[in-house]
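Chains A and B, in that order, give the protein sequences. Okay, so the first sequence: first residue is 840 according to the numbering used here, each after it adds one. Okay, so the second sequence: first residue is 296 according to the numbering used here, each after it adds one.
In case anyone wonders, no lab produced these hints; they're calculated from the structure. One thing to keep in mind: the hints can contain errors.
[As the list claims (entries may be wrong)] Simulated crosslink set (DSSO-like; lysine-lysine; CA at most 27 Å straight-line):
| # | chain 1 | residue 1 | chain 2 | residue 2 |
| --- | --- | --- | --- | --- |
| 1 | A | K1143 | B | K525 |
| 2 | B | K527 | B | K578 |
| 3 | B | K578 | A | K1143 |
| 4 | A | K1002 | A | K926 |
| 5 | B | K501 | B | K527 |
| 6 | B | K578 | A | K926 |
| 7 | A | K1024 | B | K463 |
| 8 | A | K1085 | B | K525 |
| 9 | B | K501 | A | K926 |
| 10 | A | K926 | B | K527 |
| 11 | A | K1143 | B | K527 |
[Claimed, not checked] Covered stretches of chain A, as calculated for chain B (at least 3 residues, CB under 8 Å):
| # | segment |
| --- | --- |
| 12 | 852-865 |
| 13 | 873-881 |
| 14 | 888-894 |
| 15 | 921-927 |
| 16 | 1017-1027 |
| 17 | 1034-1042 |
Backbone N, C-alpha and C fix where the C-beta goes; we use that ideal spot for every residue, glycine too.
Residues per chain, in single letters:
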Amino acid sequence: MSLEGSSGSGGSQVALVTGGYDHTIKLWQAHSGVCLRTMQHPDSQVNALEITPSGQMVAACGYQHIRMYDLASANPDPVMNFEGVTKNVSRVGFHEDGKWMYTGGEDCTARIWDPRAGRQLQCQRIFQVPAPVNAVVLHPDQTQIMVGDQSGIIHMWDLRTDKNDQLIPEAEASIQDIAIDPEGKMMAAVNNKGNCYVWSLGGEPPRPVPRKHIQAHSKYALRCKFSHDSTMLVTTSGDCSARLWKTSDWTLLRELRHDSQRWVWDAAFSIDSRYLFTGSSDSYARLWDVDKGTLEREYCGHQKPITALAFKDQAV
Amino acid sequence: MATYDNKIWLLKNIRDAFIATDDTGLCEIVMAGEDFSKIFQNKAFEDRKRIREGRLSQPSTSKGKEGMGDISEDDDEKEIVTQFDPYPDMEDSEDDDLMCGSYIRYEEFGGHRQRSNTAQWLDKKEQALKKAAKIKVIKWDDTSTQLTTEQMTEIFSRMEVKKPEKFKSLLAEQMEKCPDLPHRQYLEYAKFDGTAQLGLPTKSFKIFMTMLPEKHQNYPLVVCVIAHAKIKDLIGFTCYKYSIEHPEITLGSVHDYGLCIAEDDGEVDWAFPCLDANEPCSKFGFTCLGLVDLKSKHYFTHAPISIPEDGMLEVFPKAAESGHSQHNPSRHNTGGSATSEAVRKAINAVNEERRGQESELDKIQSHLIATDAPQYKTYRVHLLRKVRTNTLVQLGVSLERIEVEPLMAHKHAFWSKSKYFRLNIDSVAWCQILEAKATKTTFRIVHSPTHNSGYLDRSNSGNASFFHSNTAYKIYDFECEHDTAREIVDKVNTILDLRNSPCRREYKTSKDKKLQTRRSFHTRHLS
């Protein structure tokens, strides 16, 4: 079984998946707001969700497991279960061709997994850091993984040489999330003080050069993500808002707030960078029109906070 | 259990089995009440003691017994069966072994036959294994071999980073094709969906949309909600589900609907009131329910439901206007709130049919009023008040009293602290229609608090009182649809004439006097 899948495109071309504290993962029809399916994520909250490059499956990481669900079938149970980790797995992601999967977790490691089990060649790699890992992100050139930890260090793990470099943007603040823009030119990281740091990435292998420090939120920042056209950065926070920043001059483009919205745990852009999904502790996911700043859709069905979401758009 | 006729045994079994699924509520009484089995056991013990003492005092008649050896006191005790013994060897209740008792445990319901715990455990194990067999497990292997440099370069090769092209998004396209959706106003109820829950108890209902035109009533909507959802949540979720399946039909506000018990064929049982909106639906044992429009006067007159000419649609905006809607404004149905032409036609057709039958009905009507008048009946009307906002109330009229119960309780609104109040029918002096406006008719009930003996008048919402001779009269003005107003006034007057109370006579005479003085004043002037 490989990540690429074989049975064509997984049902809908557009998929929105949410997960959280209620031990379920929901697949939504993004444009109508109707919940299509509910999948079971037993014994654990969902820390992060990622749809495979083929769009066939979604990976959910939680306590001691990374589970893969088939988006095309009606099966509420996972089809693959990765185990052998002793603590929470905080992030999951994929090689752009689905060759391997990477994770980071509270056991102070980042790992490379080979989902193509049963083959002769087994590629498995582990990268140990001194503190629990909160964030991992793969550079678009597919050779560097940025690992952000609880002690505030960003480790740049070069997969070809196993060498690593470190960045410490702020002392005594834990790194909560790291993002690299699709062009591979910028890297952003947010911490638990609400600060956002931006670097320019240049050279081969990419070297970070400090570019900007934004006081993005007054409280805990949770996520940061670049839009597909690299013109925007979204940061989400425990201050109940998501904020959009212009990458041209790092000014605040928009603040997305709603009366009932609580902590905003995760966010995802549409492929045309026009829409943004957010998931919040009030158990609603929301769809915003970025240009107008209007709330376009709400997704209601979770019994408890939404802590992770993944969105796959289709280019037309 | 039903085959046992021993009362004490049954009482004990109900207590110990702790069955709470009984609709009659009798089990609850047994469980909440005193432990009769214990009481009986004690009585049996005392009885036995008495009998034994009686035996000891009398010389034994059966000598043969002694020859069989010593009989211990315990054995002796067991042999004596009193009228209070449930069964000869029913043991003490508390420390019974669960496995061998006659207990019916809740989790074992559902199967045809009670299975042993081992069998169940094996079943569960087998199912888990089957499930697990479908899940491919990939374990982290610490002993995995190192990759060669070639393999490393192959798997971790550098990819060219291309500047992403400008894409048009399929989501954006779908969003344009699908503007606002009717189910959005019920979105908050989506979380009660029982089919989307794993591990939570759920409950399924067949709901007949009786407030819709007949052609939409053929099939019940099967809804499954989580068991702790309240009836109002069930109503909301039903609207949510229906509007997803039938986006062309616009439904009203959730607060205007109620759920009534219905037959399998969708016939609503009007003998029962709507299920209490604040009760959890797990409390009710009925699975067939009819969704009814509480605003429709037919709900109160128990006649087949007719739809207002302009459709049911006006209901929702109106509710929002009057501030009864508790919806978040962003979840309002902002898009096409106009009825689709097809629905409008259907509504007209149904009403046309009804109108044809109306002339015949008129003849029977007057007769019905007279015979029906003493029967208790409720109406939805607005209580008019001069200073404060009008409140929607339920007006109940019976042979004994008139009750006014506010329907929308704004807990936090300071301006509408209206309370339930009732008027003794013998303290009601007058009832008449005041004026008929374009859509509504106002009518007045005149009441004398001094005659309201026996009833605690908790009302503070009367909007005027005036003195007339020695009696103070309070007036209450109401507003509702023409037909309902006429019906209420007719009903109240029929009852008042029937009772002909001193209060009414007094009011009538004083009114007549007033008229006369006015007339005499006029005639005097004219002459």
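Here is how each hint holds up against the structure:
1. For the proposed pair K1143/A and K525/B, the alpha carbon gap of about 18 Å is at most 27 Å, so the pair holds.
2. The suggested pairing of K527/B with K578/B holds, with an alpha-carbon distance near 13 Å, which does not exceed 27 Å.
3. Between K578/B and K1143/A the CA atoms are separated by roughly 24 Å; this keeps the pair inside 27 Å, and the hint holds.
4. Of the supplied pair hints, the one linking K1002/A and K926/A holds, its CA atoms being roughly 25 Å apart against a limit of 27 Å.
5. A distance of roughly 16 Å separates the Cα atoms of K501/B and K527/B; the hinted pair therefore holds under the 27 Å criterion.
6. Of the supplied pair hints, the one linking K578/B and K926/A is violated, its CA atoms being roughly 41 Å apart against a limit of 27 Å.
7. Our distance criterion of 27 Å between C-alpha atoms is met by K1024/A and K463/B, whose separation comes to about 23 Å.
8. Between K1085/A and K525/B the alpha-carbon distance is near 46 Å, which puts this suggested pair outside the 27 Å criterion.
9. Among the hinted pairs, K501/B with K926/A is inconsistent with the structure: their alpha-carbon atoms are about 45 Å apart, more than 27 Å.
10. At most 27 Å may separate the alpha-carbon atoms for a hinted pair to count; K926/A and K527/B exceed this at roughly 42 Å.
11. Annotation: proposed proximity of K1143/A to K527/B holds, straight-line Cα distance about 21 Å (limit 27 Å).
12. Counting residues of the segment 852-865 of chain A whose C-beta lies closer than 8 Å to any C-beta of chain B gives 5; at least three are required, and the coverage claim holds.
13. Coverage of the segment 873-881 of chain A by chain B holds [criterion: at least 3 residues with CB-CB distance below 8 Å; count 4].
14. Under the rule that three or more residues need a Cβ within less than 8 Å of chain B, the assignment of the segment 888-894 of chain A is violated, with 0 such residues.
15. Restraint check on the segment 921-927 of chain A versus chain B: 4 residues with Cβ-Cβ distances below 8 Å, three needed, restraint holds.
16. Evaluation of the coverage hint for the segment 1017-1027 of chain A: fulfilled, as 3 residues show C-beta separations to chain B shorter than 8 Å, against a requirement of three.
17. Only residues whose C-beta sits within less than 8 Å of a C-beta in chain B count toward coverage, and the segment 1034-1042 of chain A has 0 of them, not enough to reach three; the restraint is violated.
Taken one by one, the earlier hints fail for this structure at numbers 6, 8, 9, 10, 14 and 17, listed in ascending order.
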